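Given these sequences and hints, build the entire structure.
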Amino acid sequence: MVQVRRLTSEDPQDPRYLVRLEPPELELLKETPGRLKSLLTDPERSPRIIDRLFPPAHKDDAHEEAEHRRLVGETLMEERLESLEAFEKTLDRARNPARRPEVELSEGELHLWIHVTNDVRVMLGTELDIQDNDWYLTGPARPEDLPSFVLLVFLSDIQERLIEALR
Amino acid sequence: MIHAAEPRTTPVVEEEVETRSDLERLWNVIVWDDPVNLMSYVVFVFQKLFGFTREKATKHMLEVHNTGRSLVASEDREKAEYYVIRLHRYGLQATMERSG
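Going down the list, the protein sequences come from chains A and B. With the numbering used here applied, the first sequence closes on residue 167, and no number is skipped along the way. With the numbering used here applied, the second sequence closes on residue 267, and no number is skipped along the way.
A hint or two may mislead.
Per the computed footprint, the stretches of chain B lying under chain A, defined by three or more beta-carbons under 8 Å from a beta-carbon of chain A, are [stated by the list, open to error]:
#1 204-213
#2 251-261
Once the Cα atoms are required to be at most 30 Å apart in a straight line, the calculated DSS-like pairs of lysine-lysine come out as [claimed, not checked]:
#3 B:K215 x A:K89
#4 B:K223 x A:K59
#5 A:K59 x A:K37
#6 B:K215 x A:K37
#7 B:K226 x A:K59
#8 B:K246 x B:K215
#9 B:K226 x B:K215
#10 A:K89 x A:K30
#11 B:K215 x A:K30
#12 A:K59 x B:K215
#13 A:K37 x A:K89
#14 B:K226 x B:K246
#15 A:K59 x B:K246
#16 B:K223 x B:K246
Calculated from the structure, these hints are not laboratory results. Remember, predicted model here, so these are calculated numbers, not experimental data. Note that beta-carbon positions come from the ideal geometry of N, C-alpha and C, so glycine has one too.
Below, the structure written as structure tokens:
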């Protein structure tokens, strides 16, 4: 089970956090950026997920929306890809990966983990076509969706623990 | 006798005034419900992006959850665009619309 705790820091301006995992959990986290990265670099593969990750800013005004898209350009796409790469680098720092992995994070990196887990969660939620707020009670709609559903539950748990650690 | 030259008048640039009014007009930033985003995450984003207290962030999150949407900011166009772009980056569904 994932544990996240704030470390006693010499510098209160630079809080540090420790994420403790089981080895399969570390491996699962290492695999997840790749799925989102391959989607972002090949948007035609899943337009529904891309539409969800890059939603409209102007619901009923096509002209304003076109202007908004022109303004934003590829910024959000590039930011997401950069975040995924930064996330992968933090995982590479894991101590004791084979027995009881631990990753020490700065507060900025903790925020990064929160946002990357959410990006992957949004991808999975869209893939699973989640429509209800109590999705975690009903389970996946199809048996073949179980691995994605389990990953979504796992990332949800991690995200809540990361946010809790900030309080 | 020397006659003073007729003073020149500058025509009022009404078009410029209209443009300024449009720019100064407020835009509402609306966050929409999404079943994938966790409540704790939405509260976290509201606190981080808008500087809301936890209580205010929770109030807006519950409004999104219970009614489907919440008006989280009313700003000039540039600021509203900024908020919507950041909300999208954080994975929330958000739109902007002219106020009033």
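Hints not upheld, ascending by number: The structure conflicts with no hint, since it agrees with every one listed earlier.
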